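Order-wise, the sequence lines are chains A and B. Quick note: the first sequence, position 173, residue 173 per this note's numbering, numbers continuous. Quick note: the second sequence, position 112, residue 112 per this note's numbering, numbers continuous.
Simulated from the structure, these hints should not be mistaken for laboratory data. Fair warning: this is a prediction, and the values are worked out from it, not measured in the lab. Hints should not be assumed to be uniformly reliable.
Remember, identical chains collapse to one label, so a pair may be satisfied in a single copy or spanning two.
With a cut-off of at most 30 angstroms between alpha-carbon atoms, the simulated DSSO-like pairs for lysine-lysine come out as follows [unchecked claim]: (1) LYS178 with LYS152; (2) LYS217 with LYS232; (3) LYS152 with LYS210; (4) LYS93 with LYS232; (5) LYS232 with LYS189; (6) LYS152 with LYS39; (7) LYS232 with LYS20; (8) LYS152 with LYS176; (9) LYS152 with LYS225; (10) LYS152 with LYS232; (11) LYS20 with LYS30; (12) LYS205 with LYS152.
Each chain is listed here by its residues.
2 protein chains.
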Amino acid sequence: MIFAAILAGGTGNRMGIVEKPKQFLLLGNKPIIIHTIEKFYINPNFDEIIVLCPKQWINHTKDLISRYINDSNNIKVIEGGNLRNDTIMNAVKYIENSYELNEEFIIVTHDSVRPFITHRIIEENIKYTIEHGSCDTVIPSTDTIVESEDGKFISSIPNRQNMYQGQTPQSFKILKLKELYNNMSNEEKNLLTDASKIFSINNEKVFLVKGEVSNIKITYPHDLKVANSILKNGL
Amino acid sequence: MIFAAILAGGTGNRMGIVEKPKQFLLLGNKPIIIHTIEKFYINPNFDEIIVLCPKQWINHTKDLISRYINDSNNIKVIEGGNLRNDTIMNAVKYIENSYELNEEFIIVTHDSVRPFITHRIIEENIKYTIEHGSCDTVIPSTDTIVESEDGKFISSIPNRQNMYQGQTPQSFKILKLKELYNNMSNEEKNLLTDASKIFSINNEKVFLVKGEVSNIKITYPHDLKVANSILKNGL
Numbered sequence: 001m002i003f004a005a006i007l008a009g010g011t012g013n014r015m016g017i018v019e020k021p022k023q024f025l026l027l028g029n030k031p032i033i034i035h036t037i038e039k040f041y042i043n044p045n046f047d048e049i050i051v052l053c054p055k056q057w058i059n060h061t062k063d064l065i066s067r068y069i070n071d072s073n074n075i076k077v078i079e080g081g082n083l084r085n086d087t088i089m090n091a092v093k094y095i096e097n098s099y100e101l102n103e104e105f106i107i108v109t110h111d112s113v114r115p116f117i118t119h120r121i122i123e124e125n126i127k128y129t130i131e132h133g134s135c136d137t138v139i140p141s142t143d144t145i146v147e148s149e150d151g152k153f154i155s156s157i158p159n160r161q162n163m164y165q166g167q168t169p170q171s172f173k174i175l176k177l178k179e180l181y182n183n184m185s186n187e188e189k190n191l192l193t194d195a196s197k198i199f200s201i202n203n204e205k206v207f208l209v210k211g212e213v214s215n216i217k218i219t220y221p222h223d224l225k226v227a228n229s230i231l232k233n234g235l
Numbered sequence: 001m002i003f004a005a006i007l008a009g010g011t012g013n014r015m016g017i018v019e020k021p022k023q024f025l026l027l028g029n030k031p032i033i034i035h036t037i038e039k040f041y042i043n044p045n046f047d048e049i050i051v052l053c054p055k056q057w058i059n060h061t062k063d064l065i066s067r068y069i070n071d072s073n074n075i076k077v078i079e080g081g082n083l084r085n086d087t088i089m090n091a092v093k094y095i096e097n098s099y100e101l102n103e104e105f106i107i108v109t110h111d112s113v114r115p116f117i118t119h120r121i122i123e124e125n126i127k128y129t130i131e132h133g134s135c136d137t138v139i140p141s142t143d144t145i146v147e148s149e150d151g152k153f154i155s156s157i158p159n160r161q162n163m164y165q166g167q168t169p170q171s172f173k174i175l176k177l178k179e180l181y182n183n184m185s186n187e188e189k190n191l192l193t194d195a196s197k198i199f200s201i202n203n204e205k206v207f208l209v210k211g212e213v214s215n216i217k218i219t220y221p222h223d224l225k226v227a228n229s230i231l232k233n234g235l
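Just chain A, with the same shape it has in the complex:
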């Protein structure tokens, strides 16, 4: 079975200040998250699309989905976790509770605020995860990347031709993901800022899928302007 996990944030701002998360802002005539879900919805490979969002936004997300998407039977909205990987593991738990997990099950995890994901990127994530066990979507780094351990002086400047900027999806064989994650200490888990790292630090192969410059993450207000421009005219 093949699942999509749309990552729409964790349990929300712990300061208690609840702003409307970016994924609910309008892009063209519908919310960003709906654009994103649709890209997976129209792909016939997915058995279920799991949307993970903060608890207080679950109902709103469900409302949006039923308003914008005709037959939303295979779309589930559940609560995310505190950290990105907690959110992904919540999706894994949901799948385990609903189906009998086997080693062929795969999950394609994607940021809800990357609405310009293409059909090709999704297809390649599925294909190469089946083949290699895990995929990460990347583009060659346009900037020189500089490493600094103390934040004051350069430690090294790695060869630019080896450096890539991570996008999403990141895709995994679910049983392997679960096994690797559960074998890590809490300390190790807290250091992971990236899901592909669960595989890479365990020396498991992660295949690179070519992303697109247009597969932007909408984080800052100016990203939304760029996104509206991409929507109208392309990149």
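Based on the hints, put chain B in the right spot on chain A.
Chain B alone, transformed into the frame defined by chain A:
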């Protein structure tokens, strides 16, 4: 003495196809390169501003400068080199031929297509180059950075908190720069895609100056849209 080197490209396209380089496109009501030069021109610290551009664009660049800038006596336009570092070394040669170089001379090198450089960034480049010998302007990486040696599978995912995206200026004590560069083999020189690497691979300190997200490089057509939007409304 303190010099600025505005890097506006090398000797041009070796295929013989001459398109108008990006730095000459209009941003608001004047060419990108004029915005950039002005940021250095209004800073009283610079003894000379050296603009390096392809041979066939030298006259055009001079014309633009005299059209847009009132008193352009301390702005020189000279030919760039094939590679970025050749271009920087052309500036060094020009300075050597014009002045008696001493170890206090510094050069602030900057992309001509980064017009949103701020006064603070320039000031800090000067200050910390005097103090430490070299500076690089960077912002913390927003994306996860992925390293791959074969371009197919991930080799490593470095800790994101140690990773920075390089911008410009990159600033150097000139005599040290020259000495380090001349001690490198041609093979080593050809591998350098970045000027700060001349210092870092020789274990010389390169101090990090905090850049700005708005200090964008105008490379793609959509960057020019973003730039026009920054010009009007800020980021």
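Now for the hints, and whether the structure bears them out:
| no. | hint | verdict |
| --- | --- | --- |
| 1 | LYS178 with LYS152 | between (38 angstroms within a copy, 24 angstroms between copies) |
| 2 | LYS217 with LYS232 | both (17 angstroms within a copy, 23 angstroms between copies) |
| 3 | LYS152 with LYS210 | between (33 angstroms within a copy, 10 angstroms between copies) |
| 4 | LYS93 with LYS232 | neither (39 angstroms within a copy, 48 angstroms between copies) |
| 5 | LYS232 with LYS189 | neither (41 angstroms within a copy, 44 angstroms between copies) |
| 6 | LYS152 with LYS39 | between (42 angstroms within a copy, 25 angstroms between copies) |
| 7 | LYS232 with LYS20 | both (24 angstroms within a copy, 26 angstroms between copies) |
| 8 | LYS152 with LYS176 | between (39 angstroms within a copy, 20 angstroms between copies) |
| 9 | LYS152 with LYS225 | neither (33 angstroms within a copy, 33 angstroms between copies) |
| 10 | LYS152 with LYS232 | neither (42 angstroms within a copy, 33 angstroms between copies) |
| 11 | LYS20 with LYS30 | within (15 angstroms within a copy, 39 angstroms between copies) |
| 12 | LYS205 with LYS152 | between (33 angstroms within a copy, 10 angstroms between copies) |
Figure legend: structure checked against the earlier numbered hints; hints not met, in rising order: 4, 5, 9 and 10.
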